[in-house]
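The hints should help you fit chain B onto chain A, whose structure is shown.
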Amino acid sequence: MVGLITIMMSVILVDNFVLAQFLGICPFLGVSKKLDSAVGMGAAVIFVMVLATAATWPIYQVLDGFEIGYLQTVVFILVIASLVQLVEMVLKKYVPALHKALGVYLPLITTNCAVLGVTIMNINDGLTYVESLFNALGAGIGFLLAMVLFAGVRSKLENEAGVPDCFKGVPLTLISAAILSLSFMGFSGLFQ
Amino acid sequence: MDVFTPIIIVVAIGLVAAVVLTIASKVFFVPVDKTFAKIRAELPGANCGACGYAGCDDYANALTEDNTVSCSMCPVGGPDLVVALAAALGVEAGSAEKEVAVVLCNGNNDNTRKLMDYEGINTCKAAKQLFGGMNACKYGCLGFGDCVVSCEFDSIEMFNGVARVNRNTCVACTACVKACPQNIITMVPEKSKVVVKCSSLDKGAVTRKACDVGCIGCGKCVKVCNFDAITIENALAVIDPIKCTNCGLCVQECPTGAINSFKPIKYRAPKKAVPKKTPEEIAELKAKIEAVKKAKAEAAAKVEES
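In order, the protein sequences belong to chains A and B.
Sequence positions in the first sequence follow my numbering and run 8 to 199.
Sequence positions in the second sequence follow my numbering and run 1200 to 1505.
If you're looking for bench data, these hints aren't it; they were derived computationally from the structure.
Don't be surprised by glycine CBs; every beta carbon is placed ideally from N, CA and C.
Do not take every clue at face value.
[Said to hold, decoys possible] Here are the in silico distance ranges between beta carbons for each label pair:
no., chain 1, residue 1, chain 2, residue 2, range
1, A, Leu-42, B, Asn-1246, 45 to 53 angstroms
2, A, Leu-181, B, Cys-1446, 25 to 33 angstroms
3, B, Val-1348, A, Phe-198, 51 to 59 angstroms
4, B, Val-1218, A, Asp-71, 19 to 27 angstroms
[Unchecked claim] From the derived model, a few chain B residues whose C-beta atoms are all more than 12 angstroms from chain A:
no., residue
5, Phe-1352
6, Thr-1477
7, Glu-1479
Excised from the complex, chain A in its bound form (with noise of 0.2 angstroms):
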């Protein structure tokens, strides 16, 4: 138990996906201008991730079998997409609500590197099905706390302190982007 805590707690800050590893910048810098939206794309995210996990660990136990391990981009790719699709479907008979949340996000995420990063992350360390739903969950409440962090402080940015023009838009939010990366280094070296 101690073990899977402590894997979800070093991918949510230290190994964090957009802010230390880089995966679902596009996202990040795209959806983060208000915070409901960027609170949605973030649950999207942990959803989708967590669903992704758990059908591409065994499909990999099956590609590994045959020894086709190499193919797990590929066929990766194309179980998220349909297994987006299938939700999404499912989504809009029975929750119509949740799915005009979700709303764009949801289509979005099946080809964001974040959640093929997540799945293919798993089998590269070797983590058993339990820890790898674990993981799973960890890096995508990660995204979701990073969407958040950098939603608040673009906000604030905007609406309140006087920024020149010419740093006004795109350079500002890659600038703030960046500082809000470094303040996670600080968390490296927090697991082992």
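For chain B alone, coordinates are given in the frame of chain A:
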């Protein structure tokens, strides 16, 4: 066989996914609103987001659910699409009040003065940043056509240094309103035809010095208006489009010609006052005609002789 194993397995996974998705799309089928499907079919499907919604689906959804959403948000489809969307939405779309853009400035190259010659980048935005533009009137149209560039429907043009909107083809997308750095383009209801084409908030004397056709805030229009539709605010006449009946009295009354009407003018040719001729004059004319006739006959006779 080693070569075929990965192929077979990947194909198998793909097939399983395809079958599952196909079955799922039947099982979890959600009936789509008919209007939505119709509108979605009309939209170009470029998913460019230029309408301000997240893709064509989102825009179609907004159109279906909300009657107040304008049919003319899509710049890709152009005017034809607007008509098609309105048709697909039925009567509701037609009943929404149509708006058109109008440029609130009349100052062309002839009737305005310039402070300086501007030779910088040829956009209104750039010119505006240099001491607020080269015009003597700091509110007026700069004439570099940022609005013309912004218009996806070719409905706005530069005419002798001032922008002009073609009210027939304007789809009220408000792109020009956003593009104008002077903020002199606004939306008015299509039915309001009488417009004060001036934005100058300066006092009358200052406006007069800069421009021959600016509103000087004299208040003549306020007095002549029978419907209390006009007020003077900051030395600028403002017409209330709700009270205005487009009677056009103020247009005639305005001493500078700042108030304009878009009503098609019924032009009546003035009766020509032909002065009556005195008997002497008539006799003179007759004599002239006789002389000409004689000369012609003589010339013909000469030709015959030779």
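Now for the hints, and whether the structure bears them out:
| no. | hint | result |
| --- | --- | --- |
| 1 | A:Leu-42 <-> B:Asn-1246: 45 to 53 angstroms | violated, 26 angstroms |
| 2 | A:Leu-181 <-> B:Cys-1446: 25 to 33 angstroms | violated, 58 angstroms |
| 3 | B:Val-1348 <-> A:Phe-198: 51 to 59 angstroms | holds, 56 angstroms |
| 4 | B:Val-1218 <-> A:Asp-71: 19 to 27 angstroms | holds, 24 angstroms |
| 5 | Phe-1352 | holds, 28 angstroms |
| 6 | Thr-1477 | holds, 80 angstroms |
| 7 | Glu-1479 | holds, 83 angstroms |
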